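Peer 1: Kindly generate the complete structure, drawing on both the sequences and the hints.
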Amino acid sequence: MSATLPIAQADAPLPAARRDIAPLLLVPAVVLAALPFMSFPTWITLTVAGLAMGMMIFIMASGLTLVFGLMSVLNFGHGAFVSVGAFAATYVLLPMRGWLETDSLLANLGVLGLAVLLAMAVTALLGWAFERVIIMPVYGQHLKQILITMGGMIVSEQLINVIWGAEQIALPLPAALRGAVFLGEAAIEKYRLLAVVVGGVVFAALFLTLNRTKIGLLIRAGVENGEMVEAMGYRIRRLFVGVFAAGSALAGLGGVMWGLYKETLVAHMGSEIMVLTFIVIIIGGLGSVGGCFIGSLLIALVGNYAGFLAPKVALVSNIVLMIAVLLWRPAGLYTKGRH
Amino acid sequence: MLTLSGVHTHIGQYHILQGVDLVVPRGGLAVLLGRNGAGKTTTLRTIMGLWKASRGTITFDGRDITKLSTPDIARAGIAYVPESMAVFSELTVRENLYLAARNGPLDAARVDWICGFFPALKKFWNYPAGNLSGGQKQMVAIARAIVEPKQLLLVDEPTKGLAPAIVQSLMAAFRDLKDTSTTILLVEQNFNFVRTLGDSVSVMDDGRVVHAGLMHDLAGDDALQQRLLGLSLDSHQ
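As they're listed, the protein sequences go chains A and B.
For the record, in the first sequence the residue sitting at position 94 is 140 according to our numbering, with numbers rising by one throughout.
For the record, in the second sequence the residue sitting at position 150 is 230 according to our numbering, with numbers rising by one throughout.
Just so you know, the hints here were simulated from the structure itself, not pulled from any lab data.
Check each hint, because a few of them may be wrong.
Partial list, derived from the structure: chain B residues whose beta carbon lies under 10 Å from chain A [claimed, not checked]: (1) G92; (2) Y94; (3) G129; (4) T150; (5) I153; (6) S164; (7) S169; (8) L171; (9) N176; (10) Y178.
All figures in this text were calculated on a predicted structure; none of them were measured in a lab.
We treat Cβ as the ideally placed atom computed from N, Cα and C, and that holds for glycine.
Peer 2: Written out as structure tokens, the structure reads:
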């Protein structure tokens, strides 16, 4: 059966695999560049706060960029999942408020974990329905996608008002997560530390899933060439739905984190964060999870430093950062299908 | 094994296939020839369900696959190597083959067998496929298609843009593959590449099959080549 055949150029030297590390260096570069302009404790506080906010933005944006990369869908309704996730969590957080008021970190985290699970389940289900009802008829039609998903978000926000009422809902932080820990003179809010940990776990889980599992390889292959994945016998449609539901669930998780960070829930909280989310995925490169991660951290860190050093500049720092990145790399930090 | 009867395919407003009748016998290597734009690639894509036939029927192993989805057609036992090769450039060679092994883990013995054809694959096993040369990518694409036993292998212009030495390697690989139970339908423009490989041949023009017969007959008939392909065998020697 086997026959060793002379393969021309088999021994030709292969160009070394190029690793594009320049975007990876941006975050440490920004962090270190800010240090000379402020005291060390302030720098620590602002950096951790920036990382925490960046992680929360990443959680909300990662699903969006994955959905775009795999399905080429511009989902302007993604913010609805953020809002619905936060509101769904109130079904656990409000009745179990007593558990959140105890000083037991374990009890607080237990309730929070339950709320997150419920929020993710609800938003995954909503995402599945959203994909079937709203997205499916407009695959490949970007203009229609923008219009119909924005419409979907407006309807979702109104439905939130119908179900949970139009008044904002107060969502105080769990007792054990209030206040700050001190590193020397630097104050670091406990909840922000939790956000960094959760964001890190989500990124690690996404990274491992995309790189170490067959389903992850399929997603990456599907981002690059969905047609070929189908020609190999895989039903990419199911993959689409799964990724859409997973992306929506991540938005739901982000919604819970963001709602607790703001300590207030309003129906349009998701749409408010959408502009930032889109800036992040444009900076990262549409479809790139790694780019989205770096973009989220950059946006949050630059915003935080600018807010401290020159508050007026902070108002435009996101846009300036996006312009600078796009002038450097017009397709974003990483191109679709890579990283 | 595979029969196309009066297959029409429209792509947008264009009527590409205009009643293709094609029979691929079981076993051996069937060749589909034709000039650029004759409809060869569209024929393969229509067989795979990547473009839907607007009329006609495609039967594979006695089963009507005209309306089946692409994954179902692939699961029926048809593998496809597109003209673009479509290797997943960010994935390593191993990962490309691993994904193609849909029914389980990679079969080490089969991988060894494939690497017998293409030793370069083993050497670059853990390299991103996007970093490989055109010829090496073609090897990955073909290896991916045969990493699991398939009944029918559709290959679209595998020699396009490749150096002559690589073409010789591919020719040797296809010659070996012919000895397995896999039937091959090969689309080519390089007549020299297929004239000794092919068992049967069909020639397309303007979206139709205008000639079907044995390769041996076409290879030995300069006048027929001149009429069908606008060339004579001598011009390739």
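Peer 1: Determine for every hint whether it applies to the structure shown.
Peer 2: Hints and how they fare:
1. Contact between G92 of chain B and chain A, as hinted, is not supported at the beta carbon level, the nearest pair being about 13 Å apart and thus beyond 10 Å.
2. This hint is violated: Y94 of chain B has a C-beta 18 Å from the nearest C-beta of chain A, more than the 10 Å allowed.
3. The restraint placing G129 of chain B at the interface with chain A holds, with a minimum CB-CB distance near 8 Å, inside the 10 Å limit.
4. A hinted interface residue such as T150 of chain B counts as satisfied when its beta carbon comes closer than 10 Å to some beta carbon of chain A; here the least separation is about 4 Å, so the hint holds.
5. Given the 10 Å rule on beta carbons, the hint for I153 of chain B holds: about 8 Å separates it from the nearest Cβ of chain A.
6. Given the 10 Å rule on beta carbons, the hint for S164 of chain B holds: about 9 Å separates it from the nearest Cβ of chain A.
7. A cut of 10 Å between beta carbons decides the hint on S169 of chain B: the least distance to chain A is about 7 Å, and the hint holds.
8. With 10 Å as the threshold, the beta carbon of L171 of chain B comes within range of chain A, its nearest partner Cβ sitting at about 6 Å, so the hint holds.
9. Interface restraint check: N176 of chain B against chain A, minimum CB-CB distance 8 Å, threshold 10 Å, status holds.
10. For Y178 of chain B, the interface hint holds, the least distance from its beta-carbon to any beta-carbon of chain A being 7 Å, beneath 10 Å.
Comparing the model with each earlier hint shows violations of hints 1 and 2; every other hint is respected.
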